[in-house]
Amino acid sequence: QKEVEQDPGPLSVPEGAIVSLNCTYSNSAFQYFMWYRQYSRKGPELLMYTYSSGNKEDGRFTAQVDKSSKYISLFIRDSQPSDSATYLCAMIYRSGYNKLIFGAGTRLAVHP
Amino acid sequence: EAQVTQNPRYLITVTGKKLTVTCSQNMNHEYMSWYRQDPGLGLRQIYYSMNVEVTDKGDVPEGYKVSRKEKRNFPLILESPSPNQTSLYFCASSLDRGIDGYTFGSGTRLTVV
Numbered sequence: 001q002k003e004v005e006q007d008p009g010p011l012s013v014p015e016g017a018i019v020s021l022n023c024t025y026s027n028s029a030f031q032y033f034m035w036y037r038q039y040s041r042k043g044p045e046l047l048m049y050t051y052s053s054g055n056k057e058d059g060r061f062t063a064q065v066d067k068s069s070k071y072i073s074l075f076i077r078d079s080q081p082s083d084s085a086t087y088l089c090a091m092i093y094r095s096g097y098n099k100l101i102f103g104a105g106t107r108l109a110v111h112p
Numbered sequence: 113e114a115q116v117t118q119n120p121r122y123l124i125t126v127t128g129k130k131l132t133v134t135c136s137q138n139m140n141h142e143y144m145s146w147y148r149q150d151p152g153l154g155l156r157q158i159y160y161s162m163n164v165e166v167t168d169k170g171d172v173p174e175g176y177k178v179s180r181k182e183k184r185n186f187p188l189i190l191e192s193p194s195p196n197q198t199s200l201y202f203c204a205s206s207l208d209r210g211i212d213g214y215t216f217g218s219g220t221r222l223t224v225v
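Protein chains in written order, with my numbering: chain A, 1 to 112; chain B, 113 to 225.
The shape of chain B in the complex, shown without the other chains (with noise of 0.2 Å):
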């Protein structure tokens, strides 16, 4: 089955205890990108990737990073979470940019205290 796969799906942390959210793709997409979900503000891009090696900031990079070191796999990094990273984030893949749509992740709710 074509998926997008993440994990963990339910996370709840200290501030500053660095921590990683896996992604992951079977369907062969070049392009994944990261997505944060906050009430009334919908869904912000944090990150994006166009290929193996090549990542970018999206609208809301701050306190976050990634990697981009194979192409099924795009983890996000919170080297030091803060409380106002608490979110509902979502990984996503597309073969066309966006143009052909999105396949997204179940999602990951993370609790930062």
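The shape of chain A in the complex, shown without the other chains (with noise of 0.2 Å):
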């Protein structure tokens, strides 16, 4: 079983739409967790990282963590063709030089 399992999509949906991106985990050692996003032909880009349970806003997106399930959510508004890109979870835990691991990603395409 991976540590990390994110469902690869794709997702397609229409300009405008609320688009909800998750992750499960199974190691209650993750401490911070983080979203990134990923263009054709790009490296991933840092969307937002938190550390604590509950919700983040940065404009348009929001980040929640529920560390009694085990998962994390990725949500977006008002979603626009730029949105479109593949989705990266990723989650940090304390091993000496704090491990990352990432998620496969989910690929999103919002249509015009």
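Read the hints as simulated data drawn from the structure, not as lab findings.
Fair warning: there could be bad hints in the mix.
Claimed, not checked - Pairs of lysine-lysine, DSS-like flavour, derived with a Cα cap of 25 Å:
1. K99(A) - K181(B)
2. K169(B) - K99(A)
3. K169(B) - K2(A)
4. K177(B) - K130(B)
5. K183(B) - K99(A)
Said to hold, decoys possible - DEER-style ranges, computed between Cβ atoms:
6. K67(A) - D212(B): 18 to 26 Å
7. K56(A) - G128(B): 46 to 54 Å
8. E191(B) - E3(A): 27 to 35 Å
9. V225(B) - Q31(A): 38 to 46 Å
10. S218(B) - G16(A): 24 to 32 Å
Every residue, glycine too, gets a C-beta built ideally from N, C-alpha and C.
Mind docking these for me? Both chains are given alone in their own frames, and the hints should help you get the complex.
This is the structure we're talking about:
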């Protein structure tokens, strides 16, 4: 079983839709939770990070962490075609150097 | 501009021919790492370095070497590439061991025939 599970999609939505992206994890030692966005032919870029259960908002993006269920989500409101990308969840647990584990990524397409 | 620069972007090589992928960052980050990205498997760590002359294996280190002689550079060396090393490679750096997020390079697409 992978430490971090993420549905690869693809997910296709119309412009303006609310998008929900999710990851589950098995290791309760994970302390920091992140979402990266990766456009085609580019490296991942950090979107949001949080270390506590609850919600964190940044513009149209909301990151949600539920440590009791070992479940994290990223919500995108009023999705735009420019949001079309692969979204990777990532988690860190302390192991001397803070090991970072990525999910496999969910491919999102927002069509006009 | 703060960035991680990888070269080359694309590389096709033959089995057994030694190659080096360079990585350089201009942010004075102590922590650097190499990942490979394969369909369905996501990003997997190959090697990482916590500082100059300090390197260690990640999850998939077989067939790779690294060195960290200067803070800004972290080259990835494939001494004898094999077809199963065909992949998309990313170098990344971080100020605080990933907690503040990684800055990734644009990637190197390697094909070994």
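Hints, verified against the model:
{"no.": "1", "hint": "K99(A) - K181(B)", "result": "23 Å, holds"}
{"no.": "2", "hint": "K169(B) - K99(A)", "result": "11 Å, holds"}
{"no.": "3", "hint": "K169(B) - K2(A)", "result": "19 Å, holds"}
{"no.": "4", "hint": "K177(B) - K130(B)", "result": "11 Å, holds"}
{"no.": "5", "hint": "K183(B) - K99(A)", "result": "20 Å, holds"}
{"no.": "6", "hint": "K67(A) - D212(B): 18 to 26 Å", "result": "20 Å, holds"}
{"no.": "7", "hint": "K56(A) - G128(B): 46 to 54 Å", "result": "49 Å, holds"}
{"no.": "8", "hint": "E191(B) - E3(A): 27 to 35 Å", "result": "30 Å, holds"}
{"no.": "9", "hint": "V225(B) - Q31(A): 38 to 46 Å", "result": "42 Å, holds"}
{"no.": "10", "hint": "S218(B) - G16(A): 24 to 32 Å", "result": "31 Å, holds"}
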